[in-house]
Structure formats: C-alpha cells, structure tokens
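Novice: Heads up: the sequence lines are chains A and B, in that order. Residue 1 is where the first sequence starts when you use my numbering, and the numbers rise one by one after that. Residue 1 is where the second sequence starts when you use my numbering, and the numbers rise one by one after that.
Quick caveat, the hints were computed from the structure, so don't treat them as lab data. Treat the hints with caution; some may be incorrect.
Dumping the calculated DMTMM-like pairs for lysine to aspartate or glutamate here, alpha-carbon to alpha-carbon at most 25 Å [as the list claims (entries may be wrong)]: (1) 33/B with 209/B; (2) 29/B with 212/B; (3) 126/B with 114/B; (4) 126/B with 114/A; (5) 153/A with 100/A; (6) 126/B with 118/A; (7) 126/B with 83/A; (8) 126/A with 83/B; (9) 126/A with 212/B; (10) 153/B with 64/B; (11) 210/A with 149/A; (12) 29/B with 40/B; (13) 126/B with 125/A; (14) 126/A with 149/A; (15) 126/A with 114/B; (16) 126/A with 125/B; (17) 33/A with 172/A; (18) 29/B with 209/B; (19) 29/A with 209/A; (20) 210/A with 27/A; (21) 33/A with 83/A; (22) 33/B with 302/B; (23) 29/B with 149/B.
Number of protein chains: 2
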Amino acid sequence: MSNPVLVEITRGGIVESVHRGSIAVLDAKGAVKLALGDVESPVYSRSSLKPMQAMPMVESGAAEAFGLSDEEVALACASHSGEPMHTTRVAAWLARLGLDESDLACGAHASRYEPVAEAMIRRGEKPSRLFNNCSGKHAGFLTVARHWDIATKGYEQPNHPVQRAVATTLSELCDAGELPFGIDGCAAPNFATSLTQFARAAARMAAPDKLERRRGEAARRIIASMIAHPELVSGTGRVCATLMRASRGRAAVKAGAEGFYAAWIPERGLGIAIKIDDGAGRAAETVIAAALESLNLLDDSEPAHSILRAPIRNTRGAVVGERRPSSALADLRLV
Amino acid sequence: MSNPVLVEITRGGIVESVHRGSIAVLDAKGAVKLALGDVESPVYSRSSLKPMQAMPMVESGAAEAFGLSDEEVALACASHSGEPMHTTRVAAWLARLGLDESDLACGAHASRYEPVAEAMIRRGEKPSRLFNNCSGKHAGFLTVARHWDIATKGYEQPNHPVQRAVATTLSELCDAGELPFGIDGCAAPNFATSLTQFARAAARMAAPDKLERRRGEAARRIIASMIAHPELVSGTGRVCATLMRASRGRAAVKAGAEGFYAAWIPERGLGIAIKIDDGAGRAAETVIAAALESLNLLDDSEPAHSILRAPIRNTRGAVVGERRPSSALADLRLV
Numbered sequence: 001m002s003n004p005v006l007v008e009i010t011r012g013g014i015v016e017s018v019h020r021g022s023i024a025v026l027d028a029k030g031a032v033k034l035a036l037g038d039v040e041s042p043v044y045s046r047s048s049l050k051p052m053q054a055m056p057m058v059e060s061g062a063a064e065a066f067g068l069s070d071e072e073v074a075l076a077c078a079s080h081s082g083e084p085m086h087t088t089r090v091a092a093w094l095a096r097l098g099l100d101e102s103d104l105a106c107g108a109h110a111s112r113y114e115p116v117a118e119a120m121i122r123r124g125e126k127p128s129r130l131f132n133n134c135s136g137k138h139a140g141f142l143t144v145a146r147h148w149d150i151a152t153k154g155y156e157q158p159n160h161p162v163q164r165a166v167a168t169t170l171s172e173l174c175d176a177g178e179l180p181f182g183i184d185g186c187a188a189p190n191f192a193t194s195l196t197q198f199a200r201a202a203a204r205m206a207a208p209d210k211l212e213r214r215r216g217e218a219a220r221r222i223i224a225s226m227i228a229h230p231e232l233v234s235g236t237g238r239v240c241a242t243l244m245r246a247s248r249g250r251a252a253v254k255a256g257a258e259g260f261y262a263a264w265i266p267e268r269g270l271g272i273a274i275k276i277d278d279g280a281g282r283a284a285e286t287v288i289a290a291a292l293e294s295l296n297l298l299d300d301s302e303p304a305h306s307i308l309r310a311p312i313r314n315t316r317g318a319v320v321g322e323r324r325p326s327s328a329l330a331d332l333r334l335v
Numbered sequence: 001m002s003n004p005v006l007v008e009i010t011r012g013g014i015v016e017s018v019h020r021g022s023i024a025v026l027d028a029k030g031a032v033k034l035a036l037g038d039v040e041s042p043v044y045s046r047s048s049l050k051p052m053q054a055m056p057m058v059e060s061g062a063a064e065a066f067g068l069s070d071e072e073v074a075l076a077c078a079s080h081s082g083e084p085m086h087t088t089r090v091a092a093w094l095a096r097l098g099l100d101e102s103d104l105a106c107g108a109h110a111s112r113y114e115p116v117a118e119a120m121i122r123r124g125e126k127p128s129r130l131f132n133n134c135s136g137k138h139a140g141f142l143t144v145a146r147h148w149d150i151a152t153k154g155y156e157q158p159n160h161p162v163q164r165a166v167a168t169t170l171s172e173l174c175d176a177g178e179l180p181f182g183i184d185g186c187a188a189p190n191f192a193t194s195l196t197q198f199a200r201a202a203a204r205m206a207a208p209d210k211l212e213r214r215r216g217e218a219a220r221r222i223i224a225s226m227i228a229h230p231e232l233v234s235g236t237g238r239v240c241a242t243l244m245r246a247s248r249g250r251a252a253v254k255a256g257a258e259g260f261y262a263a264w265i266p267e268r269g270l271g272i273a274i275k276i277d278d279g280a281g282r283a284a285e286t287v288i289a290a291a292l293e294s295l296n297l298l299d300d301s302e303p304a305h306s307i308l309r310a311p312i313r314n315t316r317g318a319v320v321g322e323r324r325p326s327s328a329l330a331d332l333r334l335v
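Hey, can you work out the whole structure from these sequences and the hints?
Specialist: Encoded structure:
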C-alpha cells in the first residue's frame, strides 16, 4: 500500500513530479477527525517536535525561574534563520544562564537569511553555533539543566535528565510507551511517533484546559508565544511565519526536516501532523497550507495562498509550471 | 499503481523517507534490458536531454565550421558549476561566434561552486548569464543559428529552426512522433519522452555505428567529449564527474532536474533513463550509481561508492543515518 499523492508539480501541460504523504488531524480526546494515508507507522517529526521539547522548560518552572520572555519561549520552539533578532536574543539568554555559545551542543551553519549570510561572507565572518537554527531549542534545554542545578555538559545525550524529561512528557502527551529515537541534525535526540500520536499530543497542547494544571499552563504559554512571535519561530519571509500571520493568531505551525509539518489550533482544540514520504519540504508546505485553508484559517493574503498554489519560474522569471494540491488534497474537508 | 521504492533514507533504526521511481535500460535495437516501474508515461528529462540537444550542433556541421573543441562540445552538454574553467570557455566561444553573454536567453544565477560564489560576494560581483549552468547549451544553440546564418534572437523559442531541429532529431532517435514540451529553467523548450523512448535514444547514441553516418559521427563525438571532460560537463566534485571518472571512460552520465538521470554506455551499446517520482536529485544519484555498479562500471574509488550509499551527518559531523538503495534496487541485475 502506498500513500496518496498529495502534491503535484507541473511544467507545461504535464505533471512532472508528485509527492505522496499522509496527514492526521485529531482532537484532544484523541478522536481522529481526519486520516489520509499511513498514520500509524513511526516517523520522526524533526523540528516540528520543538514545541513538545520545550514543555519541560516551562512545566518545570525553569522558564519562570530565569524570567524567560515569551520571545525566548518562541525561540525555544524555533528553526530560526539566524537573523540578528534570533542570534542576539539567544546570546543574551545564554549569558543570563551564565553560559555562552560554546555550551551549545549543536554545530554551526550559515544564516539561512541571505542578506545576513552574504554580509558575513563579505566581512569574512564565520557563523557561530548561535546561527544554528536550533540554538533556541538548545538554550531551552540548558535552561532546564541550570534550573535543576545539574551538569549542562552532555545535556543533548539521550540519557541526560533533560532529554529523559522530554521523552516522558512526549510519551504522556501521545499516550505512548517508550518511543524510539534517532539523532537530529543538531545532535539532540528526536523521537519517532505515529502521525496519530503526534497529532494527539498537539491537540492536547492546543486544548490545555483538559491537561493537568502545570502542564496545561506550559502548553498554553508555548503555543501563545509561537503565535505572538511568528518571525522568531522561523524568520523573515519564511513559510511558518507567513502561515501563522495569515491565520491571524488562530494557529501555531511548525515545519520539520524531511517533509514533516505540524499545527496546533487552539480555537478548535485540534492537532495536525503531516509527513511527506520522500521528505520534500516544498510538498509539506502545500499540505499544511491546504489543511489550514480547509479549516478556514487562512486570510486572503497573497503570500499564504502562493504557498498553497505556488508558481514555478525559470531563471528569466517566467512562470513555467506550478506546485499545487492534488485532487485528493484539494477535496480535503475538515470544517 | 505506484512505482517501487528505489531509495531509502534512514535515521537511527528507522527508515525516515523513501523515494519511488522508475528505470529503463535499452539497447540500440530498442530491446528492453530492464524496466522497473512506469517506463511509458511522458516525463521531462530536463538537463539529461542536453547531449541530444547538442546533436544538431555537431550533425549540421556547425561544430566543425566554428572549430569547436571537444571541451566546447562537452560544455554544450553541461549543467556546469560556473567555475572559471566553464565561464571563460563559454565567453571565448561566444566571442568566436561574434556574440557575447547578452545574446544568451538563459537568466543569471550564482555559481554552484561555493568558493567561486563566495569570492564573488566578497568582491561585490553579480553573476552574468555565463554562470547559468546551461550557458554552454545555449552557446551550442547559437552556434547552429550562426552556422545557418539565421536570426540568433529568439533561438530559444520552440518554433525557431534550431529548436525544431532538436525536436526532429530527438523524435527520430526515440522512434516517437511530435513530442510534448515544457519550458525549462533556462527558457529553452524541454521535450517529454517516456523512459523507454529516452533510453532508446541514448542507446542509439551509444552505438553510433548503427546510425546514419553523419548522425553516428555526431553521437560518437558528443559522448566521447563528455567522457573526456567530466568536470566540464558538471564541475569540481560533482556527482556526474565523480561517476564518469569512476567508470574509467566507460560511461557518460548526465543529471537532470527533478530527479532525472541518464547514462550512455558505449561498450555495451546501452542507454539508461531514470526518473524519481518526487523529483529528488539525491535519490536519482543513488539509482544511477546502483545501475552503473550493476553493470560493473564503477571502480573501487570511495567517492563513487559514497554516492551509492551515502552517510547522513548532523551539524557536528556525526553519522546519524544513511541514504541507501532499497532492496528492489539492490537486487537489480543488469550484467
């Protein structure tokens, strides 16, 4: 059995490439509102997991103890572009913990925001670990370790208490037992869940009144912080920011590598989990936009709708094709 | 019906993403030596088509009239990285035609070779159209137009005699009628063929003795020029160059956008055409390497074998997974 085609890439009159995938939408009671394709096999949610990975930071009281702002909570959930708004805030946050970028376990990579990356090349500057898109998540892990007054070194190891706390929280939110894990691009463990497990966890975070009080408060703050600071969760012009702005505060969304995408919908108490079989981010973007559109969560802004149906241009700027939802995806009805 | 999974991406103990696709291997008589997946639907071969698009340039006598070197013939088949070895040669070639980069219909994009791209940013230089990976192909089209003493302006239009000659030659090599086309990234038409049609055309080029004399000489020269100059067809460290070097002169290979890959095997008179459904270049690289390996065409060099089975590293450099042939692909027997 193969998953349905969700996204088509056209050129001229021909479908040039297709993307298969699956999507699960659940509510906080665990009721499946929509399931398309295989929603039961374990998959990595990659950076879409960051809001869950931030839960122990808030739930433990660490965020409060270190006076974290909502901006910093948003950065803990971010795959950021390494713009000054991101790197300066993470640096200041680490300084408040008595730490610096050398304490981050993630490697360095260039800023994903071209003007910054090019300016650094012109100045001959090498990116530090602060520029790693996960540096906020790592600062969040370090905040928990400092709050618990335990070793910060090795905080990214699967058996470190911070990662154990992430695993336990996620398992409880998912109604799952011990979850398998792999090592993410930033060196931290990433846990594999089914799409239904992930969407259930997201739905519970989106309906925090039904959670135990401290956990519910943590979930509420994390989702609200993401929604309040879309560009801190991603970056200037990025898809997550565009979709969150187009939802006018009604959805938190988070991309993950290898074609994962997730959404938290507080007003409906829904969680959404998407995985593109082949790992293509371009397809995951179309699917999350279609899911939000089907819930009437996108305003009429052009940038959001050009994620749903994206023109493909050649190097002269002429439109030569498009990326569009397949009929299976276009027929999706969630309202 | 969906195509078989050909490539798997793993992380930890889990298959994180999969790539489906199809492959056709034919000989010059049109006999199908291998067909896996859908090999009959029309697909764009994108830049894998360049050796066919170069045929009228040699067959018409234009290459001889303008004294093109084998290096220039290789560049006509190239998706080059925009290194000085490419851009200076295309510039000199255009000058010999009495033309310059403003006559190229392709748009500009940055060099794909990072040291060159970064050096240009540091110097504040903008890439010209010479840096377009297709600039050699376009110089080839212009060579035909100059040889025929017809308008060079509009040479990229589907109804221009140069493009009509490409269409006719390709149809004849394919045993096809009028082929549908779309507009490629570089503004030239790209024709859609089935994988069997493409592989048949490639096999005929790989067995030139069986073609009409002038056409056979053109095919022989084009394939020999690619094999003699792997880095001019691609660039420093690129997959096409690595695989051609590892074949020790026994295969010409050419990548195309959206997951196409092709090979011409003179010693066997075979043509190979590969299309990954979802357009992923990473998967097409694995499949072409597996196809060459199954024909015993790869030496023991590490770079070629790390295309076949590629470690996936995190930002700290640790191996966290791999890209590997699926069992269906690993079982492929072509020898």
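Novice: Next step is simple, just say for each hint if it's right about the structure.
Specialist: Comparing the hints with the structure gives:
1. Of the supplied pair hints, the one linking residue 33/B and residue 209/B holds, its CA atoms being roughly 20 Å apart against a limit of 25 Å.
2. A threshold of 25 Å between alpha carbons decides the hint, and for residue 29/B with residue 212/B the separation of about 14 Å falls inside it, so the pair holds.
3. Note on residue 126/B and residue 114/B: the hinted pairing holds, with a Cα-Cα distance of about 14 Å set against a maximum of 25 Å.
4. Between the alpha carbons of residue 126/B and residue 114/A the distance comes to roughly 14 Å, so the proposed pair stays at or under 25 Å and holds.
5. Taking the CA atoms of residue 153/A and residue 100/A, the gap is about 12 Å. The hint holds against a cut of 25 Å.
6. For the given pair, residue 126/B sits about 12 Å from residue 118/A by alpha-carbon distance, which is consistent with the 25 Å threshold.
7. Distance check on the hinted pair: residue 126/B and residue 83/A sit about 23 Å apart at the alpha-carbon level, within 25 Å; holds.
8. Restraint check for residue 126/A and residue 83/B: the C-alpha separation of about 23 Å stays at or below 25 Å, so the hint holds.
9. Straight-line distance between C-alpha atoms of residue 126/A and residue 212/B comes to about 57 Å, which puts the hinted pair past the 25 Å bound.
10. Distance hint between residue 153/B and residue 64/B is fulfilled; the C-alpha atoms sit about 22 Å from each other, no more than 25 Å.
11. For the hint linking residue 210/A to residue 149/A, the alpha-carbon distance of about 31 Å lies beyond 25 Å, and the restraint is violated.
12. Proximity of residue 29/B to residue 40/B is assessed by CA-CA distance (about 17 Å); at most 25 Å being required, the pair is judged to hold.
13. A hinted pair counts as satisfied when its Cα atoms are at most 25 Å apart, and residue 126/B with residue 125/A qualifies at roughly 20 Å.
14. At roughly 32 Å between alpha-carbon atoms, residue 126/A and residue 149/A are farther apart than 25 Å, so this suggested pair is violated.
15. The hinted pair formed by residue 126/A and residue 114/B meets the criterion: a straight-line CA distance of about 14 Å does not exceed 25 Å.
16. The straight-line distance between the Cα atoms of residue 126/A and residue 125/B is roughly 20 Å, inside the 25 Å bound, and the hint therefore holds.
17. Of the pairs offered as hints, the one joining residue 33/A and residue 172/A holds, with about 21 Å between alpha carbons and a cut-off of 25 Å not exceeded.
18. The suggested pairing of residue 29/B with residue 209/B holds, with an alpha-carbon distance near 12 Å, which does not exceed 25 Å.
19. The suggested pairing of residue 29/A with residue 209/A holds, with an alpha-carbon distance near 12 Å, which does not exceed 25 Å.
20. Pair hint residue 210/A plus residue 27/A holds up; C-alpha atoms about 11 Å apart against a cutoff of 25 Å.
21. For the suggested pair residue 33/A and residue 83/A, the alpha carbons sit about 38 Å apart, so the restraint of at most 25 Å is broken.
22. A C-alpha spacing of about 28 Å is found between residue 33/B and residue 302/B, which places the hinted pair above 25 Å, so the restraint is violated.
23. For the hint pairing residue 29/B with residue 149/B, the CA-to-CA distance comes to about 36 Å; that exceeds 25 Å, so the pair is violated.
Hints 9, 11, 14, 21, 22, 23, counting from the list given before, are not met by this structure.
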